[in-house]
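Asks: Chains as they are written, first to last, in my numbering: chain X, 1 to 445; chain A, 446 to 771.
The hints are simulated quantities; they were obtained by calculation from the structure and are not laboratory data.
Check each hint, because a few of them may be wrong.
Taking lysine-lysine pairs in the DSSO-like style, the calculated list, with each CA pair at most 27 angstroms apart, reads [claimed, not checked]:
no., chain 1, residue 1, chain 2, residue 2
1, X, 388, A, 606
2, A, 757, X, 388
3, X, 435, X, 392
4, X, 363, A, 565
5, A, 515, X, 392
6, X, 392, A, 565
7, A, 757, X, 2
8, A, 511, X, 363
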Amino acid sequence: MKTFPIGGIHPSDNKQYSKGAAIERFPLPKVVVIPLAQHIGAPAVACVAKGDKVLAGQVIGTAGGFVSSNIHSSVSGTVTAVDAKADAQGLMKPCVTIAVEGDEWVEGVDLSDTLIKNINLEAKDIVAKVTEMGIVGMGGATFPTHVKLSVPPGKKAECLIINAVECEPYLTADYRVMLEKGEELLVGARILAKAIGVDKIYIGVENNKPDAIAALKKLAATYVEIEVVPLKMRYPQGGEKQLIAAVTGRQVPSGGLPIDVGAVVQNVGTALAVYEAVMKNKPLVERVVTVTGSTLASPKNLLVRVGTPMSELIEYCGGLEGVGKVVAGGPMMGRAVSNIDAPVTKGTSGVLLIPTAESLRQKPDTCIRCAKCVEACPMGLEPYLLSKMSKKEMYDECESHNIADCIECGCCTFSCPAYLPLLDWLRIGKGEVMKRMRARAAAKK
Amino acid sequence: MSTQKLVISPAPHVHGSNDTRRMMGDVLIALLPALVVSVLAYGWQAFIVTAFSVACCVLTEWFIQKFMLKGPATLGNLSAVVTGVLLAFNLPANIPLGLIAIGAVVAIGIGKMTFGGLGKNPFNPALVGRVFLLIAFPVAMTTFPEAAGAVSGATPLAVAKEALKTGTPVSEVMQNIDLAAMSLGMKSGSLGEISALALLLGFVWLLVRRVISWHIPVVVLGTMALISGIAWVSAPEQYMSPLFHLLSGGAVLGAVFMATDYVTSPMTTKGAVIYAIGIGMITMFVRLWGAYPEGMSFAILIMNSVVPLLDKYIRPKRFGVVKSKK
């Protein structure tokens, strides 16, 4: 069975908590707080003011540049504030606050479940639609999708890869979408393929989801261009570079982009959002969020309107009893949340509750040179060495030892028997090196 | 608004089940079969030597950390216990306890703590202790008690070396050697090295628990087999067979437990293979043409000194630097 070539780890997948829970529509909250920056790139610019009445699906923030994204209201109601609110990490970010009144949508949005299969739009119209509807990568990185679909001149896309790996432990949102919205997902994938002009679609799924593989294979039988590729379970297979290598055998060159090997990768949630945007005229205003953890009474996969406070989801699934840490996303790459009243955004794939006993890190010991971190690194780096260099601020050495290749997957810290915070130091070193590389590039111009 | 206090830390938020103490514990478990064979062969004396060596190593480390460094003692990671067992395994079962104490102080004090303790020492501490004793007390270190089932008190390696030097043909030497019995531990030697089979059982445990990879042991023994094989094929009456070399002396103990010491072996697989080839070659050169009957300890210590160089120049295979097949 296929997998990526170097490194990787096998964390317990812990998907048992929520994998059986069918997607459930979360009740409308009373108030939503919609951040204007839910994507990588420039924040959107608010185009509503306090006191305005808005409908669900209405644009409330327009993209602040090419690498940016439109923001739509996820509810109908009255704008009560356009100001800075604390995000999940407690940083103040521009947001639009809306008091919910009823559930009225803008005209033209098709909220029915009727499946539409025929793709009538041309490539450039698809990209325009995706841009208009504010679609971003929903795997967590939230890169604006229309940018990824605009293949730069001189490059040629050869295949589309749907990232259905969901290699983060605990998360089951994509898994449930594959089981329950498989048809829509496949149509979404075909729309994406048409947008970039390729006739080959791979769907990479790990073999810990045999039912999803079987379901998608059955549905894909009617489309010759779609191939479901089962992958051997291994973290970080959902990393873009790892997934491309696992599926096609091609390695994105160091410092390069997926398009350099002819691949465009899109996540399951994104493909579904693209289907809804193009076929149903529905902007990205809600998403499936896995709310899970061993302490929860009833872990769930919830269809949540963007802007809903995470605390309401947690309350809905059983509350904070015995919880020491809340993570937005999965346990390997998700970010710890200090403000649980912060809203769900386009990139929130999960809300993970970690029991108090597992929340604190173990005390670091001394490096015994066991080389487990070198073995685990999927980029073929030497984390033990890079972390020491970074600690000593030897940034030139960090750069020559390719710290910029680090994908911050956390395999090194996970494997370290001495509990050393390897990735913490690598992040610091990588940040500094990237800053220097950008400064050099700017000076050249 | 919740007032519950939450922990904030960067990802990852989960950790593997592996830690230093567990890995050291696995090494100790892997050493158990060899200890059992040793007790069967030499009686409780073997156990006493091992226990005393462990006690001396642990005490030395504790004393240095507590009273000389005035810092916390880190005996909980079990590394001093492993050094103690490995030192004992490299000693004759009838060695005076006083010499063990000296060996332990040299191993832990000079071999390990001088450099900054666990993870910092360039040379395998147990071997530093052993080689110090071998050079300082050559007679005590090479006089072995008669093991149950063994033919003489001298090790097969020493017997063969002496005999071959005086021109005795291999076939005659082999009349007194039963390779099958040797592999079970019915021979003379340092207390932990006598049964290749028991040590290989430990090797399997280390592989199953993913404490070490197969590379270093297999390449060390493979290189030894290759060199002794070439010598043996070219002059079968002058050189002992590869099987004899693999089953005798510290070959398996060294390859599986000493050469694989994390701290003193390379960080990359490629580096580890080069290091292992070096150990196999030096061991065989000493055995075939050197003054000592056994060369494993020297080989490992010499290759330990090459490790920083290997780590500096041999880098792991990186992702995204191979030419993609277009």
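Asks: It remains to establish, for every hint, whether it holds in the given structure.
Replies: Taking the hints in turn, this is what the structure says about them:
1. X:388 with A:606: Cα-Cα ~48 angstroms, so violated.
2. A:757 with X:388: holds, 14 angstroms
3. X:435 with X:392: holds, 17 angstroms
4. X:363 with A:565: holds, 19 angstroms
5. A:515 with X:392: holds, 25 angstroms
6. X:392 with A:565: holds, 17 angstroms
7. A:757 with X:2: Between residue 757 of chain A and residue 2 of chain X the Cα gap is close to 33 angstroms, so the pair fails against 27 angstroms, i.e. violated.
8. A:511 with X:363: holds, 20 angstroms
Checked against the numbered hints given earlier, this structure breaks hints 1, 7; the rest are met.
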